[in-house]
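Chains as they are written, first to last, in the working numbering: chain Y, 1 to 365; chain D, 1 to 365.
Hints are not guaranteed to be accurate.
As the list claims (entries may be wrong) - Dumping the calculated EDC-like pairs for lysine to aspartate or glutamate here, alpha-carbon to alpha-carbon at most 20 Å:
id: 1; chain 1: D; residue 1: Lys245; chain 2: Y; residue 2: Glu45
id: 2; chain 1: Y; residue 1: Lys212; chain 2: Y; residue 2: Glu3
id: 3; chain 1: D; residue 1: Lys141; chain 2: D; residue 2: Glu291
id: 4; chain 1: Y; residue 1: Lys245; chain 2: D; residue 2: Glu45
What the hints contain is simulated information worked out from the structure, not anything from laboratory work.
There are 2 protein chains.
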Amino acid sequence: MREVVVLGAGLHRYGVDPDKSATDMGTEAVRNALMDAGMRWDDIEAVYCGTGGQGTWGAGHLIGRVMGLTGLAITNVENASASGSAAFREAVLSVAAGAHDTAMAIGVDTTPPKAVNRPSTSPPLGPVNIFAAMAKQHMEKYGTTRDQLAMVAVKSHYNASFNPYAHFQEAVTLEEVHQARMVADPLTVLHCCPWDGGGAAAIVCARELAGKYTEKICPTVVSSVLKSTLAGGDPMVDLTEFSAKIAYEQAGAGPEDMDLIEIHDAFTIEEIIYYEALGLCEEGEGGRLIEEGVTALDGKHPVNSSGGLISMGHPIGPTGVGQVAEILWQMRGECGKRQIARPVNLAMAHMVGAGGVCVIHLFRK
Amino acid sequence: MREVVVLGAGLHRYGVDPDKSATDMGTEAVRNALMDAGMRWDDIEAVYCGTGGQGTWGAGHLIGRVMGLTGLAITNVENASASGSAAFREAVLSVAAGAHDTAMAIGVDTTPPKAVNRPSTSPPLGPVNIFAAMAKQHMEKYGTTRDQLAMVAVKSHYNASFNPYAHFQEAVTLEEVHQARMVADPLTVLHCCPWDGGGAAAIVCARELAGKYTEKICPTVVSSVLKSTLAGGDPMVDLTEFSAKIAYEQAGAGPEDMDLIEIHDAFTIEEIIYYEALGLCEEGEGGRLIEEGVTALDGKHPVNSSGGLISMGHPIGPTGVGQVAEILWQMRGECGKRQIARPVNLAMAHMVGAGGVCVIHLFRK
Numbered sequence: 001m002r003e004v005v006v007l008g009a010g011l012h013r014y015g016v017d018p019d020k021s022a023t024d025m026g027t028e029a030v031r032n033a034l035m036d037a038g039m040r041w042d043d044i045e046a047v048y049c050g051t052g053g054q055g056t057w058g059a060g061h062l063i064g065r066v067m068g069l070t071g072l073a074i075t076n077v078e079n080a081s082a083s084g085s086a087a088f089r090e091a092v093l094s095v096a097a098g099a100h101d102t103a104m105a106i107g108v109d110t111t112p113p114k115a116v117n118r119p120s121t122s123p124p125l126g127p128v129n130i131f132a133a134m135a136k137q138h139m140e141k142y143g144t145t146r147d148q149l150a151m152v153a154v155k156s157h158y159n160a161s162f163n164p165y166a167h168f169q170e171a172v173t174l175e176e177v178h179q180a181r182m183v184a185d186p187l188t189v190l191h192c193c194p195w196d197g198g199g200a201a202a203i204v205c206a207r208e209l210a211g212k213y214t215e216k217i218c219p220t221v222v223s224s225v226l227k228s229t230l231a232g233g234d235p236m237v238d239l240t241e242f243s244a245k246i247a248y249e250q251a252g253a254g255p256e257d258m259d260l261i262e263i264h265d266a267f268t269i270e271e272i273i274y275y276e277a278l279g280l281c282e283e284g285e286g287g288r289l290i291e292e293g294v295t296a297l298d299g300k301h302p303v304n305s306s307g308g309l310i311s312m313g314h315p316i317g318p319t320g321v322g323q324v325a326e327i328l329w330q331m332r333g334e335c336g337k338r339q340i341a342r343p344v345n346l347a348m349a350h351m352v353g354a355g356g357v358c359v360i361h362l363f364r365k
Numbered sequence: 001m002r003e004v005v006v007l008g009a010g011l012h013r014y015g016v017d018p019d020k021s022a023t024d025m026g027t028e029a030v031r032n033a034l035m036d037a038g039m040r041w042d043d044i045e046a047v048y049c050g051t052g053g054q055g056t057w058g059a060g061h062l063i064g065r066v067m068g069l070t071g072l073a074i075t076n077v078e079n080a081s082a083s084g085s086a087a088f089r090e091a092v093l094s095v096a097a098g099a100h101d102t103a104m105a106i107g108v109d110t111t112p113p114k115a116v117n118r119p120s121t122s123p124p125l126g127p128v129n130i131f132a133a134m135a136k137q138h139m140e141k142y143g144t145t146r147d148q149l150a151m152v153a154v155k156s157h158y159n160a161s162f163n164p165y166a167h168f169q170e171a172v173t174l175e176e177v178h179q180a181r182m183v184a185d186p187l188t189v190l191h192c193c194p195w196d197g198g199g200a201a202a203i204v205c206a207r208e209l210a211g212k213y214t215e216k217i218c219p220t221v222v223s224s225v226l227k228s229t230l231a232g233g234d235p236m237v238d239l240t241e242f243s244a245k246i247a248y249e250q251a252g253a254g255p256e257d258m259d260l261i262e263i264h265d266a267f268t269i270e271e272i273i274y275y276e277a278l279g280l281c282e283e284g285e286g287g288r289l290i291e292e293g294v295t296a297l298d299g300k301h302p303v304n305s306s307g308g309l310i311s312m313g314h315p316i317g318p319t320g321v322g323q324v325a326e327i328l329w330q331m332r333g334e335c336g337k338r339q340i341a342r343p344v345n346l347a348m349a350h351m352v353g354a355g356g357v358c359v360i361h362l363f364r365k
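Can you make the complete structure from the sequences, with help from the hints?
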């Protein structure tokens, strides 16, 4: 397999933009990514466009037409919340296979018609109820506290307050998280990600060609794992554990080596449970991990420096691609006030999706 | 790039089956493909599921859950009419990259709510009007006749009459094609493909592993080309010519070497124009080619031995995968009364899709 590196990335701010089309947001992200990588549109041999929403069917081709008719290969990819991550994986594999020398993953989704800034009591209530039950169980079984859960939201909003592409850019206090509108006990609205719109793009190329375009740091993709439908396990948590083991093995590394993990934190309890599933701590110790600051920007294993799904946002298609952008920029040291204190040499992007899918990529500087 | 071969394929008959779900049709095709390849479901490391319809969102995961929870990698792929072809390409590239040793492309789409056996005067009328205009232009410019156009439909229905998976399995005469209901002059309803439902699956693996599963013939994928948005050209015809040149170059072959081509013939005129774009004859000579029988089962360059889109059907997601099945079975000599007279050593699968995409795969026995 050819070594594949990330050359550049670009975003359109996540948020509620009902008047913007997928093409508007996608092309802005694409242009930013090209600038970041020192490339022109006609340097891109393939596009994989990840979209979760049905309103963005065919978005890859619409964006391609605006950017320029260069005869490149455009394919749309869907995998629920992990649509962008799956698109990124196909871009990586296509370069690894030698089918293309350069490829771009785009993630784009328009603001859903019923989008609210935070989940309301209107559908889809399914997920929040499931995760509220999971939170209660974790509290009963392991003594995880409401404060610990809320600390995830506080960290998330703090990090996002320094991220110009985040949907929510205001820090919140523990008290504000507790006092916010209750959605499904113990999860108040500040424990939940929004369902919004946005755009993201990330460019990969064969290692030997990177120098042609940029002198910036180009992290190598050292693991690419996508797994679905695991028997006898929880479709998100056990699937995460299963996928992470393979990803660590591919990279010859372990959780102790992670300098940054971008985790699928649609709800605060998810981040805590994934700490455990990814091996950052033992089962039941997730609450302690956030409380001790291990996953803060200045901790040993920072998680969601971008703000994650809860505060940066969760526009579905873009989310997984946006994680790659955050990892790239952290590795380059370009993240300003949310820059991680320690050097970021090894990082993970983790997404799960309804239907039962987990996608993990590991990057080495 | 690792050499990738086709191990087996399976279909669910194309047609109007409003009561069948994507899972019903998909799993039948998958089971048939596994049997054909001598494999079990847990031998499959990845699934790429191509669907064009929005009613089949997430179909890959639904099929995976019925087939068994093995922790394999499932990703959905969309590329308009070429969705199945694009899914097949990702399956091939993922094995070529070494990410998987085996992979399955599934194509599935349910019967559209407004499906008719043939295009009616109800929408979508856009495509048929475009191709009717293209037919008139070809007739005026090159002297192509109504008889020649109708001969494509006669050949298509004749071939499909021997294909148990075809939507239409009755031969028609030239007179019947002429006398059928006019949709858009000069195209009567028998010149047009139906919009139906169905399922298709094709399994690929690394060449060195094929012997583990089957002793049947396993054609090698010698070209895989997907191109979009070409400047200054027709999004279907010129894109086909552009893509074919690359595909021939990858295979070290030319049109004169083709023993079978499965062409995207949504309308009879398309088949004639693609004869020219693919280099089977000079520009303007397509009508002569069908009249001289060059593309018949016993001709030098048989086209659409399956019956093609016009008679086998065009369920969108499955169509491109079904082409691979036809090529595999023709190369093995398993096609009964529609078996091509000459040995089939080199064959092409060609699809185009709205939005501007062309996918070409070449296979060598």
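Now the hints, each set against the structure:
1. D:Lys245 to Y:Glu45: holds, 17 Å
2. Y:Lys212 to Y:Glu3: holds, 16 Å
3. D:Lys141 to D:Glu291: holds, 18 Å
4. Y:Lys245 to D:Glu45: holds, 17 Å
No hint from the list above goes unmet by this structure.
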